[in-house]
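Chain by chain, the residues:
Protein chains: 2
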Amino acid sequence: MNAVLSEQLKEILDGPVFVDLATIQPDGSPQVSPVWVKRDGDELLMSTTLGRRKERNLRRDPRASVVVQPFDAPYVYAEVRGTVTISEEGGQELIDELSVKYTGKRYAEFNPEAGRDAPRVVVRLTPRKIVGGL
Amino acid sequence: MNAVLSEQLKEILDGPVFVDLATIQPDGSPQVSPVWVKRDGDELLMSTTLGRRKERNLRRDPRASVVVQPFDAPYVYAEVRGTVTISEEGGQELIDELSVKYTGKRYAEFNPEAGRDAPRVVVRLTPRKIVGGL
Chain A
97 MNAVLSEQLK EILDGPVFVD LATIQPDGSP QVSPVWVKRD GDELLMSTTL GRRKERNLRR
157 DPRASVVVQP FDAPYVYAEV RGTVTISEEG GQELIDELSV KYTGKRYAEF NPEAGRDAPR
217 VVVRLTPRKI VGGL
Chain S
97 MNAVLSEQLK EILDGPVFVD LATIQPDGSP QVSPVWVKRD GDELLMSTTL GRRKERNLRR
157 DPRASVVVQP FDAPYVYAEV RGTVTISEEG GQELIDELSV KYTGKRYAEF NPEAGRDAPR
217 VVVRLTPRKI VGGL
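Top to bottom, those sequences are chains A and S.
All residue numbers for the first sequence refer to my numbering, where the first residue is 97 and numbers rise by one.
All residue numbers for the second sequence refer to my numbering, where the first residue is 97 and numbers rise by one.
Because the hints were derived from the structure by calculation, they are not lab data.
Certain hints may be false.
Pairs involving identical chains hold if they fit within one copy or between any two copies, as the list cannot separate such chains.
[Claimed, not checked] Calculated cross-link-like contacts (lysine to aspartate or glutamate; reagent style DMTMM-like; alpha-carbon spacing at most 20 Å):
{"no.": "1", "residue 1": "K225", "residue 2": "D123"}
{"no.": "2", "residue 1": "K106", "residue 2": "D136"}
{"no.": "3", "residue 1": "K197", "residue 2": "D168"}
{"no.": "4", "residue 1": "K197", "residue 2": "D157"}
{"no.": "5", "residue 1": "K134", "residue 2": "E103"}
{"no.": "6", "residue 1": "K134", "residue 2": "E151"}
So here's chain A without its partners, still in its complex pose (with noise of 0.2 Å):
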């Protein structure tokens, strides 16, 4: 059974909320990193590149887990555990569109070294519970 978002939880991933992307590493302990997101009805789209850790890490274990915490509102957060899938379909459009959500740029403007970056993947996270009060 697949959890739903609610419509708070909605809107604030609908904004330019930085969300932490936990995952597992190869010994077994978590890592954890900022990023972007997009929402896609329920699912998480969240961009990274190849042979990054966190896109190595899901593609050896692909149970991860999000916190959304609007900055404005750090009282209130929900955490998003799921599984995740990885595409490398779509990945370009994917980090061009956060860019200019989160920063008003195409991302080669935002951040004119991506050229030399290994290609962008879609990291979709399939939310299967949520905790928090969002």
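Chain A is already provided as a structure; the job is to place chain S on it using the hints.
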């Protein structure tokens, strides 16, 4: 070998920055939640209550990761990985100190329902590795 915090990271941790603490669930998947933090030298002190999910997780597996991302400078961050010890000693003092740091009020005043909580514990993280730009 323990890791040491940069001066910039120390300065951020000494201000009222929210951090995300990641732990490992019994099934090996990640769990993350936002917490207040206090620095003690190169160690991070966080507060939770006996029996709460993160406390039970950390007693079973003390490996943790903390993401520090300033609200006003979201493109710099640090991920502090390490292991924790948990102690009931000083638990109430720490939550009161954190509450004053973040809200200007003692914890019982900030959260009037706190009296019904289980006892407070101190989660002390000793950094092993720090990644990110801070």
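Going down the list of hints, with the structure as the test:
Taking CA atoms no more than 20 Å apart as the test, K225 paired with D123 passes between copies only; the shortest distance there is 14 Å, against 24 Å inside one copy. For the homomeric pair K106 and D136, the shortest alpha-carbon distance inside one copy (10 Å) is at most 20 Å, but the shortest distance between copies (37 Å) is not. When the C-alpha separation of K197 and D168 is checked against a cutoff of 20 Å, the pair qualifies both within a copy, at 18 Å, and between copies, at 17 Å. Taking the shortest Cα distances, K197 and D157 never come within 20 Å of each other, neither inside one copy (29 Å) nor across copies (38 Å).
For the identical chains of this complex, K134 and E103 are intra-copy neighbours only, at 15 Å inside a copy versus 34 Å across copies, given an alpha-carbon limit of 20 Å. With identical chains, the CA atoms of K134 and E151 are at most 20 Å apart within one copy only, with a shortest distance of 17 Å there and 31 Å across copies.
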